[in-house]
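2 protein chains.
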Amino acid sequence: MSKEETRQLILNNGARLVHTKGFMNTGIQEILDESSVPKGSFYFYFRSKEDFGRALVDHYDTFISAMFDKYLQDTSHTPLERLRRFFDDSCKFYESNNFSSGCPIGNLSQEMSDISVPIREKLHETYSKMKAALQACIEEARDQGEIAGSMEPRMLATFMLNGWEGALIDMKLSKSIAPLVIFKDMLFGCVLNRVI
Amino acid sequence: MSKEETRQLILNNGARLVHTKGFMNTGIQEILDESSVPKGSFYFYFRSKEDFGRALVDHYDTFISAMFDKYLQDTSHTPLERLRRFFDDSCKFYESNNFSSGCPIGNLSQEMSDISVPIREKLHETYSKMKAALQACIEEARDQGEIAGSMEPRMLATFMLNGWEGALIDMKLSKSIAPLVIFKDMLFGCVLNRVI
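Same order as they appear, the protein sequences are chains P and H. For what it's worth, the numbering used here labels the leading residue of the first sequence as 1, then goes sequentially. For what it's worth, the numbering used here labels the leading residue of the second sequence as 1001, then goes sequentially.
Read the hints as simulated data drawn from the structure, not as lab findings. Ideal Cβ positions, reconstructed from N, Cα and C, are used throughout, including at glycine. Treat the hints loosely; a few may be bogus.
Computed list of lysine-lysine pairs in DSS-like fashion (alpha-carbon distance at most 27 Å, straight line) [what the hints assert, rightly or not]:
#, chain 1, residue 1, chain 2, residue 2
1, H, Lys1175, P, Lys49
2, H, Lys1184, P, Lys131
3, H, Lys1175, P, Lys21
4, P, Lys49, H, Lys1184
5, P, Lys175, H, Lys1049
6, H, Lys1131, P, Lys92
7, P, Lys131, H, Lys1092
8, P, Lys175, H, Lys1129
Chain H regions said to be covered by chain P (calculated; three or more residues, Cβ under 8 Å) [stated by the list, open to error]:
#, stretch
9, 1019 to 1031
10, 1149 to 1163
With the hints as extra help, turn the sequences into a complete structure.
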């Protein structure tokens, strides 16, 4: 394997372990063992665990950006339908994963924001991109008259993403789909269907 | 100090450290050092770190229950005003703490739900109590005609608490009050002021 391929393998295994166990609770040795990479060679690929953490956020970002684009830019559906499909399919995904793990970016933001400034800055970039993707879809929904013109897309995107992240914590905690269903029912039945 | 006083001291110091650094990232030795308790005597007070974790949730629960009662049962204000004051004063608290740490129960729920069943069960109890306290206040608001009769208090309480927990993550991440302000503006200006 090339250096870049090995680096990607370490990131893949690290992403899975950190998503389940948390960043501080995942050891470098554990990631290397899973990757069959010789002990002690970690620093050939990353300058530090913090540097690895930043690369991990980029790794998650690539996956999440692709998923957001797939749903929120799918012009075969109206903007409001795209949002609905995004949350519906996310529910199916979490259901098939026994309501575990949640959102890797939300998890790391909770865990690392007060521990590492460089990792926090990287997470903040990705979280802002997630908000921007939702905002763009909300703006389209408003322009097409699917939601009221009085809705402020930037605020709505923040409220929506944060509400979803909170619902994912409740899902992990209660091992139930109910918090996600309540989020969707309140979002589409109460927040987005206002007339003015 | 009595055994119970020392146990409380360990819980106080543990609560502060875990709130800042996370549970898995806080060592027993570190807590004992802060408490000036002799090395190795931890197991005199707690059967295991997991047992300590459960006691820690009870410790947070006592503090949070008192705060919820103080605001949400304060009959010198209307139910809707109580909710408003609760979120307003929470904002001031987080502002004075440089937007750090967030909610100890939300944090542990995110971190520990997939790691320890006994700790998760304890967290689930406390989180359910927090929802119930909000729900009771929402029911009063509905009964007094402050919010629409079509509002379902149980769903609303879940949506409200989860939205707040998500906003707290965003606050830690962005080191800004903005996510909390947006949450309040959307909650009071959009969700709760519906006519039907």
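Quick one: which hint numbers does this structure break? Sort them smallest to largest.
-> Hint check: 4 fails alone, others pass.
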